[in-house]
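Participant: If you want the building blocks of each chain, they are given just below.
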Amino acid sequence: MNAQMNSVEIKNLDLHFGAVKVLQDLNLTIGQGEFLVLLGSSGCGKSTLLNCIAGLLDVTAGQIHIGGKNVTWAEPSDRGIGMVFQSYALYPQMTVEGNLSFGLKNAKVPKDEIAKRVARAAEVLQIEPLLKRKPAALSGGQRQRVAIGRALVRDVDVFLFDEPLSNLDAKLRADLRVEIKQLHQTLGNTMIYVTHDQIEAMTLADRIAIMKGGRVMQLDSPSEIYNRPRNLYVAEFIGSPTMNMVDGALAATQFSSPLGEISVEGYAFDGGAPDATPAVLGIRPEHIASGAAAAQMPIRLDSTVELVEPLGSDTLARVNANGAPFWVRLDGQATLRPGDALPIGFDPARIHLFDKASEERL
Amino acid sequence: MNAQMNSVEIKNLDLHFGAVKVLQDLNLTIGQGEFLVLLGSSGCGKSTLLNCIAGLLDVTAGQIHIGGKNVTWAEPSDRGIGMVFQSYALYPQMTVEGNLSFGLKNAKVPKDEIAKRVARAAEVLQIEPLLKRKPAALSGGQRQRVAIGRALVRDVDVFLFDEPLSNLDAKLRADLRVEIKQLHQTLGNTMIYVTHDQIEAMTLADRIAIMKGGRVMQLDSPSEIYNRPRNLYVAEFIGSPTMNMVDGALAATQFSSPLGEISVEGYAFDGGAPDATPAVLGIRPEHIASGAAAAQMPIRLDSTVELVEPLGSDTLARVNANGAPFWVRLDGQATLRPGDALPIGFDPARIHLFDKASEERL
Amino acid sequence: MDAVSAHLDGPQGPKPRKRFSRNNIIIYGILGMVALYYLLPLYVMVVTSLKGMPEIRMGNIFAPPVEITFEPWVKAWSEACTGLNCDGLSRGFWNSVQITIPSVIVSIAIASVNGYALANWRFKGADVFFAILIFGAFIPYQVMLYPLVIMLRELGLYGSLWGLVIVHSIFGMPILTLLFRNYFTSLPEELFKAARVDGAGFWQIYFQIMLPMSLPIFVVAMILQVTGIWNDFLFGVIYTKPDLYPMTVQLNNIVNSVQGVKEYNVNMAATLLTGLVPLVIYFVSGKLFVRGIAAGAVKG
Amino acid sequence: MAASRPKSLFRNLNAKIAAIPMIITALVVFTGGTLWTVAYSFTKSKMLPKWKFVGFDQYERLWDTRRWMVSIENLFIYGLCMLVLSFVLGFILAALMDQKIRFENTFRTIILYPFALSFIVTGLVWQWLLNPDLGVSNVVRALGWDSFAFDPLYNAQIAIFGVVIAGLWQGTGLIMVLMLAGLRGIDQDIWKASRVDGIPAWKTYLFIVIPMMRPVFITTLVLIASGIVKVYDLIVAMTGGGPGVSTEMPAKYVYDYMFGGQNLGQGFAASTMMLLAVLIVVIPWAMLEFGGKKRG
Amino acid sequence: ADLEVTHWWTSGGEAAAVGELAKALNERTEHKWVDGAIAGSGNTARPIMISRITGGDPMAATQFNHGRQAEELVEAGMMRDLTDIAEANKWREVINPPALLDACTVDGKVYCAPLNIHSSQWLWLSDAAYKKAGVPVPTTWTEFVASAPALKEAGITPLAMGKQGWQQNLAFNAMVISLMPTDVYLSVFQDKDADAAASAEVLEIFKTAAIARDLSADSNVQDWNQATNLVITGQAGGQIMGDWAQGEFAVAGQVAGQDYHCLPGLGERDVLLAGGDAFYFPVLDDADKSAAQGELAALLVDPDVQVAFNLKKGSLPVRGDVNLDAANDCMKKGLEILGRGNAVPDWNILITSDTRAQLEDLFVEFFADSSITAEAAQERFVGIMEDAE
Ligand SMILES: Nc1ncnc2c1ncn2[C@@H]1O[C@H](COP(=O)(O)OP(=O)(O)OP(=O)(O)O)[C@@H](O)[C@H]1O
Ligand SMILES: Nc1ncnc2c1ncn2[C@@H]1O[C@H](COP(=O)(O)OP(=O)(O)OP(=O)(O)O)[C@@H](O)[C@H]1O
Ligand SMILES: [Mg+2]
Ligand SMILES: [Mg+2]
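Protein chains in written order, with the numbering used here: chain Z, 1 to 362; chain V, 363 to 724; chain U, 725 to 1024; chain A, 1025 to 1320; chain R, 1321 to 1709.
It is worth saying that the hints were derived from the structure and are not from the lab. Among the clues, some could well be false.
[What the hints assert, rightly or not] Ranges of calculated distance between the beta carbons of each label pair, as one might list FRET restraints:
# : chain 1 : residue 1 : chain 2 : residue 2 : range
1 : Z       : 215       : V       : 711       : 48 to 54 angstroms
2 : V       : 711       : Z       : 263       : 18 to 24 angstroms
3 : V       : 482       : U       : 756       : 46 to 52 angstroms
Think of the CB as a built atom: it goes at the ideal place given N, C-alpha and C, for glycine as much as any other residue.
Use the sequences and the hints to build the structure in full.
Facilitator: Here is the structure:
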């Protein structure tokens, strides 16, 4: 990510609504052509950040640069951005064509140029047959495409998406997700995409920024976020079912907890093993081996099954090991019943350790 | 499921809104203590059915029996049901306690009995500290619990839930799902639960009724629905990502399609292999083996990877085998790139075959 | 399962509803009585306006006319005198039209733009102005008569049609602005944002995005203003001159200047004639009115 | 290249320009006019405003005047009746309308149409209907009930209630429509929940629905209250303040003394008192409604 | 030029009288009368007129009552100075009583053209009613009161009175001037002497008013002409009303002395108040119109116009030198009294509108509420007169 190539740069951004500090000292650098996903729970400030980038909210402090220009005070339409909203925000009284060309007409683009761009966008999004219809006569997925098309025709460098798929049903969401991914590969624009759907985030993003309370908790590639969450919040936020957590104390490579003494030899400490500190151990349900496979694992525990959730493709089981509850992901064919004994085990290489006080990864 | 023990019985139910036939000749029998989930896409009539059972809608034809009594014409409050709504529908100006006790006071239940029941419900749902608060001061999950509590205090036989979790975020949804499951185990009531979330349906239900256009497409246990969908609709509806489908023709145990000739020897036909018929072959992404494992499978295909979606815990890949696209579920650690060649394979025992015309399982 | 459905005992199908259930009798009974209370005055006005004077003196006011005569209507419309002018309401009618149309248009135009600016372009101090405006809704008109005379005089608009239009716009502004502001606030904010990203400015968004979506609230505003301005007496008479006097002034003159015996039939006919325009508007667009109210007034 | 921070005055410039009529109205007309009125209430202005300062003389006289006291009392009675009755009637009517009745449109139109008529017309018609020699009273007597007497406008004790009857006739329709809109905005699930709980409809209205309709009630309150304070035409057309001074109202007092009595100072003092009363009501409300919450 | 004239004369007789003015203007000059009638009492019309004048869009001429109503407009220089017209037409000499012109004069300059004299202290009696009751038509207020029980017995309302404040006010006014010694009247209203206001003579008036209150208790009408109509139709015995009531009798085709009787000064005293209407002419920029205003002013006092107008209006002309053969009984009686000089100035000339409004409120209340005693009313009367200017 070359500094010269940065597409969007946010410096020390603050945004307050009255006394409420929604964004605080936020820094973010997004490279040219990158697909950045902003992920976070509801109310963490994702939309607010997007609106700041788009120029729809006046920032309280800080700067926003897009394409190397300081656009902190520029009008939304002058920033070279296009935006797609959760509720589509199509102009209900205009046809699809009118929706697509409205921005261009405002920008006094010549007629034939408008026609050309609309035609191209319609082709890319496969909405040519719909051009004469009004939004009310479109299905959810079609509306979403038109909304994307509206950004597309503006030939902008940066696309902003605010939860563009969350009003759609699961199947359509999956389809459109793929389409957006392909669109990104085709166009090569920078895209900033807000969601609180993990799957979307994991599959679409080059990098994910996980936000909480107006701050970025971690900004990394999806696999890095999944495999090396920087802190407890990110660790718990990512992954479904949630990571299992066990409170204990860490001394060198010994983790003592209700589970007993566990050697975490093989764990890749961030800095180096600390001397002695209260710590939290985390392990994802899908990284726990059970039954026969458990025997192969460096760490082994005995447990009893408490609850079984067959999902068809997988089975989730909540087991109890020395009083600590663990969720374990098993094969969809697994036939367990509450009360069964189940040996479980895991590899220290797959665990996560966090400082209890700072909640940072160790 | 003993007929004497039936808790809710719906016979030949019709419901029309003017000319729109929302429910048509619907029959459903729900056993005492059973957890039935109504699953279906939006607008298929799930809420309508629930409202009919609750007595909130007048049926057009047919009967409803609850606890052995014909309640077709009974008032909602006399049917021995409690209902939980998607929007919670808490009385906003009453405290939690008021919400729980309002119905009881109205039924002239003695004071101390009310107090006892409210206390018990609060304990079961762990909302004792919230009793004095108003709904506005509660989080989504807490509100949902109060809504459940309101049904709980009524000491009813049948609980009706209309998408009780769909307003909540993923994490909370998962937690409450488990709680509802436990509640059911504790109370032993009959529960009818509407959702369009598959995971909820799979994990909660004793039986699932899959609805489409006002009819029940399949009523079976979750595993049966997952493993032996009765028809194409159910097959495509259940499972995420969706089942891969290949059009072709079946003659005895030979399935011919663009993939080539495939022997489905080992497939458990519903009636017996038909002579010759256009058919659809389905195989779930999670039942496709790939790489080395593919070699062990009776059916093997060569494919190239088109798209990779790493989800962290798993990786999804879309591959192309002889022009037919397949989604394949791989391990989370899998490192594939578009263009890679990937051998895939599957077991005829895991496939699904449907008649092309009737869409019924073969 | 099909075996079960072969025959059904006991209640089935829709719950039988008595047509004349106690509830229905109460509901329709009350509504009927209420309707009577509301219709009675109208009935009396219509009936009286169709009677001759002798019949009025004789019979009671609720009796239907024995002999229907339209003379009172003719008289009220074209013959009744005020002072020296004996052309009835007809002259005032056209004046009222002439006053109402520009006043309604201007006041709604101003208030809708205000509401839009307040809802979507909140600038510093906007709330203060708005609060003052709402406060203005409570000011008795009499209090403002004098200051307004002075202001209009200074503007040189006193006594002209446009002076009156301004006065109507000012006094219509508080409630209308409130309505429009609430309505525009209830429209999805994202539409507004999308339009800004599309480079549309203040007026473009107003005309091309907001306006086409605001029919219900415009209907409400129109109805309120037509009624208010058409029925206005005080401003019409104070801020204009006789050749612009609205119909209500003529009505007042006819009703209040009696010659010996009050001609109730002419008075009633005149009253009905004056109320006709707003009445027709209500009867025609009542449904839209309710929809608009639901959209604009209820959300706070 | 880097755009500098624009002057705050020029941000949203168009919006500000568009709001100029509103700003002028708010500042010059309403605020300016009010201040002017307040200022001149301390003078001895007669027919024309003159800056002859007399301190609180006008106010002393005002509060010594029986007619003013009666006016205030009447405003209070009338206001209370109108508020309570139009709320109650409007709500009951709206609730009836909400019962999925037939002919809803017809009933609604019937109840709403008087709102199209001016107070002048309303006053005239009701003066007539309530005239003991012509109206309802006469008809009932003609039917044989000789001792029947219903002549509120001719009885100083109850004349003000005669005015209320007419006021309600004119205004309840709008209130009903507002309430109806409010009722239709209530989440249907609430109704379902209360039916499952076995709560009778009237209790649901009373304990659940009404408390949920706060925003509608506030809009309604503003409309009714602003109408009450300004009531003038109705009185003039219906009773002229009589019999005696039994239906006088503050707005009429203002008008009569400004123009009839040619004592502007007195009229201004009276209007200042009215404004003060309004302020006491409006300011807390405005702070509640617009002060705290922002759009979101 | 077109001359817009505003006034509040809209009832039958009044409108006919205005018609005479218009006719005269239209026929005798090249100017045109544009009528700006506003119905209702002066209270409705006056604010409109004042607003028009102060608003900078004045009419050419406007009606005001004599007295202090237009005082401030004159002081503010908004009214045209008519001294030239007055001098040319010798108003000083012809106008009778001279007090009328005095009322138009401010600092020696004339600002209005008096049009007519109204006297309000008349008792109008219905012959039909008295015939029905079988008692002779009274000739004094005292007799009227005495005959009231007989009328009541016959189911006739003794005294007709509209429920509007100004009518009750007028009745009271009539009692004041007819029953109160002139010196007391002058010291109360001209000198604003509080002691005089508190005197027994004044109390007597309130007591008489209380009697009138009882006698009129059954009269359920609003407008003055409705009350007059009760007298015309014999449903009421009498009405206290100004001389304009005569117009209504005339319109109904009744003849004075035959169908109805009139008692100026309530039959008790030969005194009438000289008040009336006058026209004021706001200052106009347009020189043409200004000249036309002068012509109109001169025309108003012209003998022929005076006769024509006052016959229709039922009021008295403002000059003593006109031929009134056409006048009826009642009018002649009035003229006679005026000719003898038995006139005192109207209190509208003596007190401000403000005081008048306060007094009106008092009388209105007094008339409507029989629980207010004469003593209590007098106490408040004194209070108001103490503040009067
Ligand atoms: N206009 C406003 N005034 C005051 N607070 C606001 C305003 N807009 C948003 N907020 C607050 O700012 C915070 C962040 O809001 P934002 O809409 O950015 O959240 P989000 O992350 O987009 O949430 P969601 O996933 O629900 O869309 C929230 O706590 C919200 O309450
Ligand atoms: N009052 C009504 N009048 C007419 N049609 C209705 C009415 N209520 C529902 N419908 C129609 O009935 C069908 C079923 O509605 P229902 O609410 O039962 O669907 P649902 O399965 O609950 O959907 P969702 O998952 O969106 O809640 C829909 O097509 C809907 O449009
Ligand atoms: Mg958001
Ligand atoms: Mg539903």
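Participant: Broken hints, numbered, in rising order?
Facilitator: 2
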